[in-house]
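For the protein sequence lines, the chains are X and E, in the order given.
Per my numbering, the first sequence starts with residue 1391, numbered consecutively.
Per my numbering, the second sequence starts with residue 1030, numbered consecutively.
Derived from the structure by calculation, the hints contain no laboratory data.
Since the structure is predicted, the reported quantities are computational estimates derived from the model, not experimental observations.
Glycine included, C-beta positions come from ideal geometry on N, C-alpha and C.
Check the hints yourself; a few may be wrong.
[As the list claims (entries may be wrong)] Result set (DSS-like, lysine-lysine): computed pairs, CA atoms no more than 27 Å apart in a straight line: (1) X/LYS1588 - X/LYS1537; (2) E/LYS1185 - X/LYS1421; (3) E/LYS1271 - X/LYS1421; (4) X/LYS1654 - X/LYS1562; (5) X/LYS1657 - X/LYS1588; (6) X/LYS1562 - X/LYS1630.
[Claimed, not checked] Non-contacting residues of chain X with respect to chain E, defined by C-beta distances greater than 12 Å in every case (computed): (7) TYR1398; (8) THR1399; (9) GLY1415; (10) ARG1428; (11) LEU1437; (12) GLY1440; (13) GLY1515; (14) SER1540; (15) LEU1560; (16) MET1563; (17) GLY1620; (18) LEU1655.
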Amino acid sequence: MVWRLVSYTTVLIPPEPYKAMYAAGIVENDKGERRVARIPAEYVDVLGMGMRGELRREESVFGEIWVFIPEAEPQQPRVVVVTGGAGGIGSEIARVFAEHGFKVALADINLEAAERVAGEIRSRGGIAVAVEMDVTSPESVSEGFSKIYSSLGRIKVLVNNAGVTIDSTLEKMTPEKWRKVIDVNLTGAYLCSREALKYMAYGGVIVNISSLIGLSGNIGQSNYAAAKSGLAGLTYSLAKELARRGIRVFAVAPGLVESGPTLKLWKHNRSLIADYVARLPIPRLIKPREVAELIYFLASNEAINGVVIPIDLGARIEPPRA
Amino acid sequence: MPAIVSAFSTPYESRSSLEAWELLEKAVRGVVENVEKGIDPSEIDLVIVANFSDRFGGILHSGPLALRYLGNPDARAFRVENACSAGGTGIFLAWNMVRAGLARNVLVVGFEKMSKAPTSTVANQVLMAAGSPEEILVGLPFFASYALMAKVYMDKYGVGEEDLALVAVKNHENALRNPLAQFKRRISVEDVLRSPYVAPPLKLYDCSPLSDGAASVIVSGEPKRYTDTPVYIVGAGMAHDKPGVFERDDMAAMIAAYKASQQAYKSSGLTPKDLDLAEVHDAFTISEIILYEMLGFAERGGGARLLRDHVTWFDGELPVNASGGLKAKGHPIGATGVGMAAELFWQLRGEAGERQVRDAEIGLMENHGGTGATSVVIVMRR
């Protein structure tokens, strides 16, 4: 039986208990019978009067309803934005999403380095753009996202990956060191999430890169630990707040990853890293690809929301010392 | 002929400091005090309380409570619930009870304390219960059901969002003159168009607010005993449509309002041309435009033209919602219909202050429930 849409709307402020935004419409068949039906949110942008489709009966804990599936391709943008996209983990996240057919935007304060990663992805047949972005500056963030939207369209996934460390024990922790780390790691994630929301499609995902340090703390990293722990709070809050817009928010908390900051430390104090690694149940460093693949996997799973997932070779059961 | 002999209303507010029962008390005592020649509580033999949901006010069984505030334990009392038309239904009932000789003087009081709901999404869930079961399960709050009607109407008659905006602009402007109104802020068409969508094509400023308030009137069979200038209920009607928008033959109409107004015109011997003003149920801007057509002010599809031509503005030929309407005066559900009757009482007696409509002699009120599944129309004359 073919049904036609004779009126429709999007419920942007869903009442309790439905919470997440959806569309609804009135459909009519050739006999003039009408039904009121839910329409999955991914069709919001493609609905039109008279649109044909099929009607299904669906059950939920709240009751049984009609669901109208239009004969149209649902709008599913496959665009990921990775902040700090030029770095070790960031670039790997971009590569993994690109391999899965995502268009990639690499936002980084170092445009040249971001361009190199974008070029590399393009050379393998992917679509990638590099955008200069200082995540601590509202203007720069706003400008960057506007550029990303105009070149790639609506955003599906934002990965708040940009981060810095400026380690110092409390006595030597100047307000500048404190603020810089909080600004980039935590405030940057808030600014980028706020801006991305304007361009995010229904079904969007925000991923925050927290850290094992944010969960366990570390000597000499109080600023970094506070910021990364703050990302957990940001994750929990936004997961609740944005659910009604169909946006999921989660974080991953990696242990020591084979990337920029670790490799720097490796050069300066190899025994510190060796000592840390030796105490891990699986004694090695985490590969950026392992983090990137976890993020892709979690972003693809629609039941994942409001959690901080550690990826740490078992470090949480054997906490590190400095 | 039954007439209204006294009226009272609290201001409509977004968050009243009064509890629901305190609003009720104020409205019961206020309307008794306002009787010019005085009335003894024992002369009021029936109290009808209009209230939508205990999930807003936190009380049920408000009839006997109203009697306590009235001070007449020997009267009878009950609560009516007919979604947003609870108040109009109460007046309709009072009119009939008096006409039938079953009551001498009926006190009709409506109240709602919507700010009791913890969030607007909970308030919308409570309100949504007035839809059809199918709409409730699909998750269509009022604004979404009205959006579905608006979409059909706008498509059929080529009406735009800027036409809908005119209702909001007009009613906000009217509310500036009403000390009882919740919103006292002039808005422009651009303000309305810039407000965020809640369910396209409806935006935030197309919607009436959540309100707290109470209103009351006394309908009497011996009006001259209580005032020299009663306002007579000269005609009334009540009619229904199918509960769900999707079930209706014409989804761009509100047939219940059409039928109720036909009954009211017939029983009063009056026509739309005789009216000096109207208070209508503009819960959403689209509703006022459709009502113009249902009530016989405009032909089908011609509602928006009355706005563009300023016919229904304060200085127009037929001012509609001079009080600010539900849109700007506010919409404390149970109080709304009773408040419309109180407004007509003041207007037709020339007591409406700054918002007084010139030479107002005959007025109409339309109060409906849900998306128009129940409509009450009452015509009054001084």
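Status of each hint after checking the structure:
The suggested pairing of X/LYS1588 with X/LYS1537 holds, with an alpha-carbon distance near 13 Å, which does not exceed 27 Å. Pair hint E/LYS1185 plus X/LYS1421 holds up; C-alpha atoms about 21 Å apart against a cutoff of 27 Å. Annotation: proposed proximity of E/LYS1271 to X/LYS1421 holds, straight-line Cα distance about 19 Å (limit 27 Å). Straight-line distance between C-alpha atoms of X/LYS1654 and X/LYS1562 comes to about 21 Å, which keeps the hinted pair within the 27 Å bound.
Between X/LYS1657 and X/LYS1588 the alpha-carbon distance is near 42 Å, which puts this suggested pair outside the 27 Å criterion. With a CA separation close to 38 Å, the supplied pair X/LYS1562 and X/LYS1630 exceeds the 27 Å bound. Distance check on X/TYR1398: its Cβ comes as close as 7 Å (rounded) to a Cβ of chain E, failing to clear the 12 Å threshold; non-interface status is violated. Consistency note on X/THR1399: stated as away from chain E, yet its beta-carbon is not over 12 Å from all of that chain's, at 4 Å minimum.
Distance to chain E contradicts X/GLY1415 as a non-interface residue, since its nearest Cβ pair spans about 7 Å, not more than 12 Å. Non-interface status of X/ARG1428 relative to chain E is broken: a Cβ of that chain comes within 12 Å, the nearest being about 5 Å off. Distance check on X/LEU1437: its Cβ comes as close as 10 Å (rounded) to a Cβ of chain E, failing to clear the 12 Å threshold; non-interface status is violated. For X/GLY1440, the requirement that its beta carbon stay farther than 12 Å from each beta carbon of chain E is not met, with the minimum near 10 Å.
Its beta-carbon lying about 38 Å from the closest one in chain E, X/GLY1515 satisfies the requirement of being farther than 12 Å from that chain. Every Cβ of chain E is farther than 12 Å from the Cβ of X/SER1540; the closest lies at roughly 22 Å, confirming the non-interface assignment. Remark: the non-interface label on X/LEU1560 is consistent with the geometry, its nearest Cβ contact in chain E lying 42 Å away (cut-off 12 Å). Here X/MET1563 stays apart from chain E, with its beta-carbon at least about 41 Å from theirs, past the 12 Å limit.
Under the 12 Å C-beta cut-off, the non-interface status given to X/GLY1620 relative to chain E holds; the minimum distance is some 26 Å. With a closest Cβ-Cβ approach of about 48 Å to chain E, X/LEU1655 is found to remain outside the 12 Å limit, as its non-interface label requires.
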